[in-house]
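Chemist: Take these sequences, add in the hints, and give me the full structure.
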Amino acid sequence: MRKQFVKTVEDLMAQDERLVLLLGDIGVFGFRNAFKMYPERTYNIGVCEQAMTSLAAGLAKEGLIPVLHSIAPFAVERCFEQIKIDLCYQNLPANIVSVGSSYDYAALGCTHHCPGDVAILRALLGMEIVIPGTPAEFDQLFRDAYADDHPTYFRLSERSNQQSCDVEFGRALIIRRGSLATVVTVGPTLTSVLEATRTLDVTILYYTTVVPFDGDTLRENCPSGRIVVVEPFYEGTLAHDIMSAMKENSIRLLLFGVPRRFLTDYGHAADHDFVCGLTTGQIKERLEQFLNE
Amino acid sequence: MTDTRINRLKRQIVLATVAVGEGHIPSAFSILDILWVLYDRVLQIDPSNPKSDERDRFVLSKGHGALALYAVLAEKGFFPVSELERFATFDSPLGGHPDHNKVPGVEASTGSLGHGLPMAVGMALGMGIRRVKNRVFALVGDQECNEGSIWESALLAAHHRLSNLTCIVDYNHSTDRALILGDIAAKFAAFGWAATTINGHDHDAIYNALIRIESDRPTVVVAETVKGFGCKQMENNPAWHHRAPTQDELPGILAELA
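If you read the protein sequences in the order shown, they are chains A and B. Sequential numbering of the first sequence, starting at 37, is according to the numbering used here. Sequential numbering of the second sequence, starting at 670, is according to the numbering used here.
Be aware that one or more of the hints could be misleading.
Said to hold, decoys possible - A few chain B residues that face chain A, going by a derived Cβ cut-off under 10 Å, partial list only: (1) His769; (2) Thr779; (3) Gly780; (4) Met788; (5) Gly795; (6) Glu816.
Derived by calculation from the structure, the hints in this document are not laboratory data. Glycine is no exception: its CB is placed at the ideal position from the N, C-alpha and C atoms.
Modeler: In structure tokens form, the structure reads like this:
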């Protein structure tokens with residue numbers, strides 16, 4: 037996804053002179069062509085994410101469209117108030133693109149984990165949140181939303197689904213229809229969910245935008261009232277959106293996501309998938325139990 | 670000298686706090702002379718067209734000085750002076766901190782300290798990208814200079830040689846009870862800025878400092894000021910930081926500012 041991020045942004049910088057790229061000393065080598073081609077619009081701001089975010093607001097006030105880039109905890113949690121006031125309260129068209137989602141950088145430890153980014157950004161009115169599942173989906177979603185006059189967060193993952201879907205900003209896709217439950221799957225969890233549910237009679241909805249949340253698609257495709265959420269961030273992050281979408285309908289909810297505790301071990305992301313109960317086999321097992329209850 | 674006019678603005682500021690029963694009056698008095706000189710003699714800006722691309726930008730980074738900004742903007746015709754009387758009441762556009770989306774002439778919504786200067790850095794950088802020749806001014810408080818984002822901004826503005834940016838530090842020594850900053854001009858100079866220190870209540874000194882531009886670096890003007898300047902009971906009195914005068918106090922204060 038990172039390579040596609042470079043490709044997409046460099047392509048758009050050629051077409052749209054409003055685009056300005058701000059790097060928090062992350063991705064500098066990857067964007068070496070942008071530094072050469074568009075030196076007036078490409079900056080390695082340095083390791084000062086708070087000022088970088090406010091600076092982006094200043095650029096946006098001048099009619100430019102900034103793209104800010106760093107690792108998720110630094111792009112989001114480090115400068116949360118700058119995002120809240122300078123970007124969201126003033127409603128400016130800035131784009132934050134993070135890498136290192138949840139525990140992608142497992143070996144680096146908790147300082148570089150960020151399973152809480154979507155939960156806290158959801159609290160900021162006006163912030164759009166996009167979670168592509170593949171590089172091609174990032175390209176489509178970024179082109180859809182980068183200039184839409186609102187702040188937008190793009191959460192890139194080290195892992196991608198095996199196949200891309202024909203995604204569109206703000207809209208969930210119905211991957212298939214079934215009767216026993218509706219599975220809400222987000223971004224790069226789709227491939228695991230498809231494998232885990234191969235033999236199960238369930239509806240699968242695929243979300244690559246979680247704010248705004250496409251509640252209509254969920255409500256219209258949930259005849260069983262059983263909802264399974266597979267979210268690649270803190271478990272329960274989307275629970276409020278799901279309950280709001282279902283309105284007065286009674287539902288049963290099964291949540292798969294990152295448990296709310298510090299993941300103090302290292303290793304690889306796959307090791308943490310197992311600890312978090314997010315492997316294909318674990319999803320399948322709990323899902324079958326849920327359907328048999 | 671414009672003492673008469675400044676005192677009239679100060680009376681308006683005091684009276685503005687009556688309806689809501691609160692306001693940062695001393696913080697406003699601290700910066701009123703600076704803002705008046707800025708808007709009267711330095712900024713290229715048309716009150717009837719406050720969003721014109723070819724305008725100078727001013728960001729009040731210490732947003733709690735809003736009453737001074739409102740009084741000056743009203744005096745200059747950005748909105749009616751009568752709006753001041755509704756300051757911070759429920760549906761007033763003029764809040765305790767300035768809101769870019771509500772108040773004509775307010776460039777940025779500020780209030781949380783340490784946001785305005787980096788936004789001004791972005792505006793100055795953006796104007797360079799767009800080849801807009803106007804200037805950007807930001808006013809920060811001395812205590813606001815406790816914030817790390819101020820010094821991140823100082824690094825960035827110097828590194829990118831933002832000669833179109835001027836930062837004014839309202840050095841009313843609020844910070845002294847927490848962190849002693851000492852020679853703030855020397856600190857900015859060490860970061861690569863052109864730095865000068867002036868008397869922040871001397872209009873000619875303010876003017877001469879603000880019209881100066883260096884060709885290859887940003888400028889900081891450290892303005893030595895008195896918090897609550899012009900009202901003896903408020904000057905450097907923490908009890909007055911955020912309050913309105915009582916009905917008993919009001920006549921005496923207005924008389925002092927006559």
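Chemist: Compare the structure with each hint and give your call.
Modeler: Here is how each hint holds up against the structure:
no.	hint	in the structure
1	His769	holds, 6 Å
2	Thr779	holds, 8 Å
3	Gly780	holds, 8 Å
4	Met788	holds, 4 Å
5	Gly795	holds, 3 Å
6	Glu816	holds, 9 Å
Checked against the numbered hints listed earlier, the structure breaks none of them; every hint is satisfied.
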